[in-house]
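There are 2 protein chains.
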Amino acid sequence: MHPTRWGDPAEAALLPQATRDLVELVLGVRDSPAIESVELPGSSLSQEVLAELRALLGDDQVVLDDDSRRLRTRGKSTPDLLRARAGDLTDAPDVVVRPGSHDEVAAVLDLAVRHRIAVVPFGGGTSVTGGLVARREGFAGVLSLDLCRFKALREVDKVSMTVVLEPGLRGPEAEALLAEHDLTLGHFPQSFEYATIRGFAATRSSGQSSAGYGRFDALVVGLTVATPQGTLELGSSPANAAGPDLRQLVLGSEGTLGVITAVRVRVRHRPTVKVYEAWQFDSFASGSDAMRGLAQANLLPTVIRLSDEAETAINLASQSDVGGAAPTGCLMIVGHEGTDPELVEARRGLVTGQLEKLGGANLGEERGRAWEAGRFHAPYLRDSLLDVGVLVETLETATFWSNRERLYDAVKQALTATLGEKTLALCHISHVYETGCSLYFTVAAPGGDAPLETWAEAKAAATQAMIDAGATVTHHHAVGSDHRPWFAQEIGPVGVQVLRAVKRELDPAGILNPGVMVP
Amino acid sequence: MHPTRWGDPAEAALLPQATRDLVELVLGVRDSPAIESVELPGSSLSQEVLAELRALLGDDQVVLDDDSRRLRTRGKSTPDLLRARAGDLTDAPDVVVRPGSHDEVAAVLDLAVRHRIAVVPFGGGTSVTGGLVARREGFAGVLSLDLCRFKALREVDKVSMTVVLEPGLRGPEAEALLAEHDLTLGHFPQSFEYATIRGFAATRSSGQSSAGYGRFDALVVGLTVATPQGTLELGSSPANAAGPDLRQLVLGSEGTLGVITAVRVRVRHRPTVKVYEAWQFDSFASGSDAMRGLAQANLLPTVIRLSDEAETAINLASQSDVGGAAPTGCLMIVGHEGTDPELVEARRGLVTGQLEKLGGANLGEERGRAWEAGRFHAPYLRDSLLDVGVLVETLETATFWSNRERLYDAVKQALTATLGEKTLALCHISHVYETGCSLYFTVAAPGGDAPLETWAEAKAAATQAMIDAGATVTHHHAVGSDHRPWFAQEIGPVGVQVLRAVKRELDPAGILNPGVMVP
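Sequence order for the protein chains is A and B. Residues 1 to 519 (our numbering) make up the first sequence, in order. Residues 1 to 519 (our numbering) make up the second sequence, in order.
Worth flagging that the hints you see were computed from the coordinates, not collected in a lab. Take every hint as true, because none was put in to throw you off.
EDC-like mimics (lysine to aspartate or glutamate), calculated; alpha carbons at most 20 Å apart, straight line:
(1) B:LYS503 / B:GLU137
(2) A:LYS422 / A:ASP449
(3) B:LYS158 / A:GLU405
(4) A:LYS158 / B:GLU405
(5) A:LYS151 / A:GLU104
(6) B:LYS158 / A:ASP289
(7) B:LYS422 / B:ASP21
(8) B:LYS357 / A:GLU342
(9) A:LYS357 / B:GLU342
(10) B:LYS357 / A:ASP340
(11) A:LYS357 / B:ASP340
(12) A:LYS158 / B:ASP289
(13) A:LYS422 / A:GLU453
(14) B:LYS357 / A:GLU345
(15) A:LYS357 / B:GLU345
Can you build the whole structure from these sequences, using the hints too?
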C-alpha cells in the first residue's frame with residue numbers, strides 16, 4: 001500500500017460532487033495535499049547485524065531500500081496517515097526481513113534478542129490503532145518482520161472442515177486458495193483486501209459476515225507460534241476442559257508474545273446462494289431491538305448491520321444511483337448465505353417473519369446489493385476527505401444491550417464536546433451477540449491547523465467515555481499503542497499484572513513489538 | 001453427599017436384576033461393601049490459626065467436625081470412592097471454612113499465605129479428576145474453602161439476557177432462582193444436581209444440552225475472582241479485541257489462580273416446548289457422520305447424543321420397561337427446546353429432514369423421554385456395581401472429525417489391553433462441534449484384589465493413547481491432579497511455562513489448590 005493512502009491507487013475514490021458539496025457546506029474544505037517525497041532517516045543497524053541477517057536469510061530477504069521501509073512505517077489510522085502526509089517518517093523500521101519458514105522466524109527472534117532489536121511482525125500493514133509503532137528507546141533498532149513469504153494453504157481436512165493457513169496470506173489470497181477446494185473462511189473485515197491471516201488472529205479481527213461465520217477468534221482452532229522461549233503449538237481439539245484456553249492468550253496478543261507462523265481455522269463450504277436485503281426501521285432504537293430479537297431467538301443471518309439516522313442519511317445521499325425514494329429512519333442490511341437453497345430460504349423466511357414482527361419494512365434487494373458492492377471502499381473516501389482538509393476517523397466499542405443507548409450517547413457527547421458542534425458523528429451496529437452489540441462510529445470534523453492534536457483530544461475523550469460507561473475500548477480494532485492506557489483501566493491492575501507476567505515469561509528481553517498492547 | 005457414594009441415599013439405584021445377571025455372567029460379582037466408620041486424622045492446624053479464622057469469619061463458619069471434613073475429602077472419581085470405601089481418608093482437609101463475602105474470601109487467602117496453608121475451593125465436591133486433592137507437603141495444613149454461603153442471584157438483566165450468579169449455587173438452586181424470572185441457564189451436566197456454578201466455570205464444564213445452550217465457558221460473559229494479588233474483574237463486553245481474553249485463563253483454572261466469587265452468565269428464556277426423540281443408525285460411523293452433517297449445516301438441536309453399538313445394547317437391556325422391539329445398531333437422542341412452538345417445529349422439521357437424508361430412522365419420543373428421565377442417574381448405578389466388586393469408571397476426550405475413528409479405536413484398545421478381554425468399554429458422543437466431537441467412555445471390568453492399581457494402569461494407558469492420537473486428555477472433566485502429566489504433553493513445554501508464570505504471578509506462595517492442574 002501507499003504510505004500516505006489506503007489500498008490501490010486505481011481504486012481511489014474521487015469525492016462524489018454531492019458529498020463534496022455536503023462536506024463544504026457543513027465542515028468547509030481546503031486543499032491539504034500529502035508531502036510525497038521525504039528522506040527516510042538512515043538505518044541505525046550496524047553492518048555486522050545486517051551481515052548476520054543476510055547469512056541467516058539470504059541477501060534478497062534483508063531489505064533496506066527506502067520504499068520498502070516507508071511502506072512498513074506505521075499503519076492506516078488517520079493519525080498514521082496525517083503523520084505520513086506531513087512527511088514524518090521517524091517510525092520507519094531500520095530493516096525489513098522476510099523469513100521463509102518457522103525456523104527462520106525463530107532464528108530472527110534469537111538474533112533480535114542477542115542484539116536487542118525491536119521486532120514488529122508485519123502482514124498487511126492495516127493496523128488502525130498504532131499496532132506497528134514499536135518503541136525505539138532502549139533498542140539498537142527496529143526490525144520489520146514481514147511474513148509475505150508465508151503464503152501456503154498447508155492442510156485441507158474436508159471431513160473436519162478445517163485448514164491450516166500460513167500467516168502471510170491476505171484475505172483475497174486465502175479465499176482464492178480455499179475456493180479451489182470449494183471452501184471459504186467467510187472473514188470479510190473492511191481491511192479484507194490487504195490484511196493477513198496473522199493479523200486477523202493477532203488482533204481478534206471481526207468481519208462484516210461474522211454473524212454468520214463467526215469472529216476470527218471463533219474460527220481459530222489451532223495456532224503455531226514462534227516465541228523467544230521456543231514454539232507454542234496449541235489446539236488439540238475443537239473444545240476441551242484441559243485447563244485455561246491458551247489459544248485465547250495468543251489471539252489478541254498483537255505480536256507481543258510471539259510470531260504466529262500457522263493458523264488452523266474452521267472453514268465452510270463456499271456459498272452458492274447469497275441474498276442481501278435492505279430493511280427500514282423507524283429509529284436506531286427500534287432497529288437495535290430487532291437485532292437483539294433475532295440474536296436472542298438464535299436467528300442471526302450471515303450479515304446484519306444497522307445504521308443510525310445520521311449514517312442512514314449520509315449513505316443514502318451518496319447512493320443517488322439507487323432508484324426509488326430515499327427511506328427515512330434507519331437502514332438495516334441483512335444478508336443470507338448458504339449452499340442449500342432450501343435451507344437458506346427456510347432460514348430467510350424465519351428471519352423475515354421476525355423482522356416484520358419487530359417493526360421492520362423490507363426495502364428489497366437493490367440497496368442490499370449496493371452495500372455489498374461498496375463494502376470495502378470507505379477507506380478510499382477517507383483519503384479524498386483528508387485531501388480537502390477534513391478530519392475523518394473511525395472508532396468502535398461494544399457493550400451489553402441494556403447499556404447500548406448510554407454508551408452511544410456518551411461517545412457522541414464526548415466527540416461533539418471536543419470536536420465542536422459541526423462534527424458529523426455517524427454510527428452503525430455491525431456485530432451482534434445474544435447479550436450485546438458493537439457500536440462503530442465514523443467521525444468527520446474540520447481538520448483545522450492541528451488535526452493530529454485535535455483528533456488526539458477527541459479520541460481520548462471518546463475512549464474514556466467508553467471506559468466510564470463500562471464498555472470495551474475496542475470491539476475489533478485491537479489495542480495497539482493507541483488504546484494502551486485505557487486498556488489498562490479495562491482489565492484492571494491484576495489483569496495488567498497477568499499480561500506482564502506472560503510477556504516477561506515468553507519475551508524476557510522485551511523485543512516483541514515493544515510499546516504495543518501490554519500496558 | 002455421602003463420602004463413599006454419589007448423591008442422595010434415597011435415590012440409590014438397586015441394581016436391576018437383568019443388569020446384575022449380565023454383570024455376573026460377563027464380569028463376575030463379589031460383595032465389596034464400603035468401610036463406613038473410619039477415624040479421621042486429627043487437624044494439623046494450630047489453635048492460633050483456628051482462632052484467627054474464627055475472629056475473621058465467626059465461630060460458626062470455621063468447622064472442624066469429622067463429618068464436615070469427611071464430606072470434603074476428595075471428589076467422586078472411582079479411585080476417590082475406592083479409597084474412601086477402603087477407609088482411607090488421609091486427604092481430609094484440616095478445617096472447613098465458610099466465608100460469606102468476596103472480602104472474606106480475600107481475607108482467608110491472605111491468612112493462608114501468611115500461615116502457608118493450602119486452600120482448596122469447594123463447591124459440590126463432584127470432581128472426577130482429583131481436583132480436590134491438594135498436595136500437603138510443604139504446607140501447615142489444608143483448608144477447604146466452602147462456598148456454600150454464596151447462594152444469591154445478584155443481577156437480572158432481561159434486556160441483555162445476562163445474570164450474575166454467586167458461585168456456591170448448585171445446578172438446581174440456580175435454575176430455581178432463574179425460573180422465578182422465567183429464565184434458564186440450560187446447563188445440565190450429569191453432576192447437575194450437586195455441582196456448583198463455580199465448579200462449572202473453574203472446570204469448563206459442558207452439559208447434556210450444550211449443543212443448544214453452549215458449553216459453560218461460552219455462557220460466561222464476566223467473572224469476579226479473588227486472588228492473593230487482589231481482585232480480577234473481567235468481562236467488559238460480549239466480545240472484544242482488547243488484548244488476550246483473560247476470562248479464558250480463569251475458566252479452566254480449577255481453583256489454582258484464584259477463587260471465583262461471582263459469574264455473569266448468558267441466560268435464555270425458559271423453554272415451554274421440549275421434544276425428545278430417539279433415532280436409530282446402522283452403525284456408530286453412520287450416526288457420527290449424521291451428527292457431523294447437522295453440525296456443519298448449522299442445524300444442531302438442543303440435545304444430541306449417540307451411543308455406540310455396545311452402549312446401545314446395554315442401555316436398551318436396562319430399558320425393558322420401554323415397549324416395542326429393541327432396535328439394533330446405534331441409538332441417537334435428539335432433543336428440541338424453545339419458547340416459540342412454531343420456531344421449534346420449523347427447526348425440528350429441518351433437523352428431521354437432514355437426519356433422514358443421512359440414514360437415520362425415527363423411533364419416536366418414548367425412548368427419548370426415557371433418556372431424559374434417567375439423565376442424572378448413572379452415578380448411582382456405579383455405586384451399586386462397586387458394591388458387587390465391579391470396577392466402573394468413565395473417561396472422555398475430544399478430537400476433530402477426521403480423527404474420531406482412530407481415537408475411538410486407540411482408547412478402546414488401550415483399555416482392553418490393560419483390563420483384559422472381559423472389559424466392557426461403552427462409548428457415546430454427547431458433544432458435537434462443526435470441526436469435531438467428544439468421545440465419552442464408560443468402562444466396566446472385574447475389580448480384582450487391587451482395583452485402584454488396576455484402574456491406574458488402564459487410565460494411564462488410555463490417556464497416553466489420547467495424547468498419541470493427537471487428542472485432548474479431557475473434553476469436560478478438567479485436569480485435576482489425575483491428568484496433570486498428560487496435560488503437560490498436550491500443551492507442550494512452552495505452554496507449561498506460560499501457565500506456571502501466571503500461577504507464580506497471581507499466587508506466588510503457591511497456596512491455591514497445590515498439585516492440581518498446573519504441571
